[in-house]
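Visitor: Just so you know, the protein sequences line up as chains A and B, in that order. Counting from 1, one number per residue, gives the positions in the first sequence under my numbering. Counting from 1001, one number per residue, gives the positions in the second sequence under my numbering.
Rather than coming from a laboratory, the hints here were simulated on the basis of the structure. Note that this is a predicted model, so its numbers are computed, not measured. Wrong hints could be hidden among the right ones.
Said to hold, decoys possible - Below, in silico cross-link-like pairs of lysine-lysine (DSSO-like), each with a Cα-Cα straight-line distance of 27 Å or less: (1) B:1114 <-> B:1446; (2) B:1245 <-> B:1570; (3) B:1593 <-> A:6; (4) A:6 <-> B:1503; (5) B:1114 <-> B:1224; (6) B:1593 <-> B:1499; (7) A:14 <-> A:78; (8) A:70 <-> A:14; (9) B:1224 <-> B:1356; (10) B:1363 <-> B:1245; (11) B:1570 <-> A:6; (12) B:1445 <-> B:1503; (13) B:1224 <-> B:1245; (14) B:1363 <-> B:1351; (15) B:1570 <-> A:14; (16) B:1338 <-> B:1351; (17) A:78 <-> B:1593; (18) A:6 <-> B:1499; (19) B:1446 <-> B:1593; (20) B:1356 <-> B:1114; (21) B:1114 <-> B:1570; (22) B:1351 <-> A:70; (23) B:1499 <-> A:78; (24) B:1593 <-> A:70; (25) B:1114 <-> B:1363; (26) B:1445 <-> B:1593; (27) B:1593 <-> B:1452; (28) B:1452 <-> B:1114; (29) A:14 <-> B:1499; (30) B:1114 <-> B:1351.
Stated by the list, open to error - To give an idea of the interface, some chain B residues facing chain A are shown, with a C-beta separation under 8 Å as derived from the structure: (31) 1089; (32) 1208; (33) 1216; (34) 1282; (35) 1524.
Each residue gets a CB set at the ideal place from its N, CA and C atoms; glycine is no exception.
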Amino acid sequence: MEEQGKAYWFATLKLIGGILVVWAVVSYGFGIIFAGPLNNIHVGGYPFGFWWAQQGSIYVFIALIFVYAKLQGQIDVKFNVNEE
Amino acid sequence: MSLQFLTYLVVGATFALYIGIAIWSRAGSTSDFYVAGGGVHPVVNGMATAADWMSAASFISMAGLIAYMGYGGALFLMGWTGGYVLMATMLAPYLRKFGRFTVPAFFADRYYSKSAAAMAVICLLVASITYIIGQMTGVGVAFSRFLGVSNEMGIYIGMGIVFCYAVFGGMKGITYTQVAQYCVLMSAYVIPAIFISFQLTGVPIPQLGLGASLVGEDVTLLAKLNQVVTELGFSEYTTQVPGSKLNMFVYTISLMIGTAGLPHVIIRFFTVPTVADARYSAGWALVFIAIVYTTAPAVAAMARLNLHATVSPEVNTGAPLIAQGAGLVYEDRPDWMKRWEVTGLLAWTDKNNDGKIQYYNDKSQAIAAQAQAAGWNGNELSVNNDIIVLANPEIALLPNWVIALVAAGGVAAALSTAAGLLLAISSAISHDLLKKIFMPDLDEKKELLAGKISMAGAIVVAGYLGLNPPGFAAGTVALAFGIAACSIFPALMMGIFNKNMCKYGAIWGMAVGLIVTLFYVFAHKGIFFIKGTEFLGLIGGANSFFGITPEAFGAIGAALNFLTAYIVSKVTPPPPEHIQHMVEDVRTPRGSKAAVGGH
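Just chain A, same shape as in the assembly (with noise of 0.2 Å):
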């Protein structure tokens, strides 16, 4: 039990861990470190820097959390400590 509980959390950790990599590559990285160089890029008439900035980060963000509700669902369930 005391084994399962350590690798239901290393689990969990590692989800989260990967859902925060991803959120701050979208914003901190594409939206304002890199946002210069993207935007010799252009998207739909968007400079891509300034498009991740002030749009795109914000979908990412969405998808993020719906990604990780259903993952963590999902460990829950093989872990078996899932609501009944």
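Let chain A serve as the given structure and place chain B on it in line with the hints.
Guide: Leaving out everything else, chain B in the frame of chain A:
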């Protein structure tokens, strides 16, 4: 029908709706009052959270700020949405599993200490009260601009409406009114944007219109805007940065963790039935917020271009913008400019006595010679940021009912956020202070009554502060985020993710984070925002910490909070066995029950 009458009609109809909901959803138990009985559907809760979250400032000021800041305005967009990812993955599901009514209740149990709870109550009250002042003044502004009543009258009416559903309905009444308020404020925001996007680009979806080409021209809206603003001496729209990229980076972090740490948003996630619902509900909240927040940058850029095209007719003809005789003849200005001049949000002074409006950046060295050669004597037009949203329908010549809808939307945004904050304040007083610390033998009936009385008291205090805003009101919303970021968020997160975090670590961490942040803010803005008490000399000048502005400093405070808590927890006794078990229990969803008050 006159605009005035139509506005009364639309705003009056929304008020009737809110009060109707209040009568339908009275609170019969403390569970109803604090967490709406714990049975709110995750999508409904998401919508209510979105209304709770989007304040008068979001609705009225944000697009204007972005219009003025350009690319750098993205820090508000990313900061105020990215926080939901942190909330969904690191706080909401665990606090929902914990199953108490309030945020300080978590501090009391997890850090087995009344001082930790008391500290949380103080942080919560300071953050919430500073935030609510802005909402109350927002109610006053919306009423006086659109309904022609005085500021004071507007605040009294607003207090009366909130009283109806917040005192009798508690969280239950607030939740269902917020759903209605979301629908009002979202349509009030998006409908004018659709019209304007279609007029300028022929694309009715503002999110795509922002990237599209202008009608009848072979140039994109953003490229045209860049060309116009740089020609007038302003920074290029799509690359302009507030201060430095580092400051923008840190500011965004502060808003994100501040968002995740604001108590009035966190308590919304106590109202859903299960832990899994709390996760999805955060996603739905962000969907509803994003509808407005992805529209805002389109409104910003389009309104900025419209404004320049109005005062510099040369924008449409392609003639040089800065030239002898350029600019709009003041006598020919459109009606909306005349209307907004009355409010003082728009003002013109004819510096070179040519009877024409010259609107440009007179601080720019690059165009100084050109402007002088053209006989321009300095910028003549001052434009308040709030006009971008408030006057937008008029600038685009939209029908009167759209203008009336914007009025109802502004009022809805201010009322919904005020109600959420009032609930956080009154539950902290009746549940965390009275029931948990001073009068533990309070029975449920009496606690419910105490909750209603403290809600009524909070409304009166908020109304008073709205009527007599302290001199520091303008800077306070930023402070609310700073406090939530540097004190509440780190302590909550460590409580869940670090089993060995003890009460000493948490208390010292919060204290250091709060003191350092307040020190830096007060150095810039004065001690408790009292003018003349700034002590910039002591910290070596403005923004002396790597060019970080005081509004952005919450993230630095949070980092110090984490560091201090970690070091202190290493040299003090670990938390007792049963606390460590409690943390393990909070981490797994199974066994979640509806939120309950006691132990």
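Visitor: Would you mind marking each hint as holding or not holding in the structure?
Guide: Hints and how they fare:
The suggested pairing of residue 1114 of chain B with residue 1446 of chain B holds, with an alpha-carbon distance near 22 Å, which does not exceed 27 Å. With a C-alpha separation of about 35 Å, the suggested pair residue 1245 of chain B and residue 1570 of chain B falls outside the 27 Å cut-off, and the hint is violated. Using a Cα cut-off of 27 Å, the hinted pair residue 1593 of chain B and residue 6 of chain A holds, with the two alpha carbons roughly 23 Å apart. With a C-alpha separation of about 24 Å, the suggested pairing of residue 6 of chain A with residue 1503 of chain B holds against the 27 Å cut-off.
Distance check on the hinted pair: residue 1114 of chain B and residue 1224 of chain B sit about 59 Å apart at the alpha-carbon level, beyond 27 Å; violated. Taken as a hint, the residue 1593 of chain B and residue 1499 of chain B pair is honoured in the structure, with Cα atoms around 22 Å apart against an allowance of 27 Å. With a C-alpha separation of about 15 Å, the suggested pair residue 14 of chain A and residue 78 of chain A falls inside the 27 Å cut-off, and the hint holds. Among the hinted pairs, residue 70 of chain A with residue 14 of chain A is consistent with the structure: their alpha-carbon atoms are about 14 Å apart, no more than 27 Å.
The hinted pair formed by residue 1224 of chain B and residue 1356 of chain B meets the criterion: a straight-line CA distance of about 23 Å does not exceed 27 Å. Restraint check: the Cα-Cα separation between residue 1363 of chain B and residue 1245 of chain B comes to about 22 Å, which is no more than 27 Å; the hinted pair holds. Under the criterion of a C-alpha separation no larger than 27 Å, the hint pairing residue 1570 of chain B with residue 6 of chain A is consistent with the structure, at around 22 Å. Distance check on the hinted pair: residue 1445 of chain B and residue 1503 of chain B sit about 33 Å apart at the alpha-carbon level, beyond 27 Å; violated.
Between residue 1224 of chain B and residue 1245 of chain B, the direct Cα distance comes to roughly 24 Å. Compliance with the 27 Å bound is thereby established for this hinted pair. Note on residue 1363 of chain B and residue 1351 of chain B: the hinted pairing holds, with a Cα-Cα distance of about 15 Å set against a maximum of 27 Å. In summary, the hint linking residue 1570 of chain B to residue 14 of chain A is supported, as the alpha carbons are separated by about 25 Å, within the 27 Å threshold. Straight-line distance between C-alpha atoms of residue 1338 of chain B and residue 1351 of chain B comes to about 19 Å, which keeps the hinted pair within the 27 Å bound.
Distance restraint check for residue 78 of chain A and residue 1593 of chain B: the Cα-Cα separation of roughly 21 Å lies within the 27 Å cut-off, and the hinted pair is therefore satisfied. Taking the CA atoms of residue 6 of chain A and residue 1499 of chain B, the gap is near 13 Å; set against the 27 Å cutoff, the hint holds. At roughly 24 Å between alpha-carbon atoms, residue 1446 of chain B and residue 1593 of chain B fall within 27 Å of each other, so this suggested pair holds. A threshold of 27 Å between alpha carbons decides the hint, and for residue 1356 of chain B with residue 1114 of chain B the separation of about 66 Å lies outside it, so the pair is violated.
Straight-line distance between C-alpha atoms of residue 1114 of chain B and residue 1570 of chain B comes to about 22 Å, which keeps the hinted pair within the 27 Å bound. In summary, the hint linking residue 1351 of chain B to residue 70 of chain A is not supported, as the alpha carbons are separated by about 62 Å, beyond the 27 Å threshold. Only pairs whose Cα atoms come within 27 Å are accepted, and residue 1499 of chain B paired with residue 78 of chain A is accepted, the gap being roughly 23 Å. A threshold of 27 Å between alpha carbons decides the hint, and for residue 1593 of chain B with residue 70 of chain A the separation of about 21 Å falls inside it, so the pair holds.
Distance check on the hinted pair: residue 1114 of chain B and residue 1363 of chain B sit about 55 Å apart at the alpha-carbon level, beyond 27 Å; violated. This hinted pair checks out: residue 1445 of chain B and residue 1593 of chain B have alpha carbons roughly 22 Å apart, not beyond 27 Å. The hinted pair formed by residue 1593 of chain B and residue 1452 of chain B meets the criterion: a straight-line CA distance of about 25 Å does not exceed 27 Å. Straight-line distance between C-alpha atoms of residue 1452 of chain B and residue 1114 of chain B comes to about 24 Å, which keeps the hinted pair within the 27 Å bound.
Using a Cα cut-off of 27 Å, the hinted pair residue 14 of chain A and residue 1499 of chain B holds, with the two alpha carbons roughly 17 Å apart. Distance restraint check for residue 1114 of chain B and residue 1351 of chain B: the Cα-Cα separation of roughly 63 Å exceeds the 27 Å cut-off, and the hinted pair is therefore not satisfied. Checking residue 1089 of chain B against chain A: minimum C-beta separation of about 5 Å stays under 8 Å; hint holds. Evaluation of the residue 1208 of chain B hint against chain A yields a held restraint, the C-beta minimum of about 7 Å falling below 8 Å.
Taking 8 Å as the C-beta cut-off, the interface hint given for residue 1216 of chain B is violated, the closest approach to chain A being about 16 Å. Nearest Cβ of chain A to the Cβ of residue 1282 of chain B: about 6 Å, under the 8 Å cut. The hint holds. Interface restraint check: residue 1524 of chain B against chain A, minimum CB-CB distance 23 Å, threshold 8 Å, status violated.
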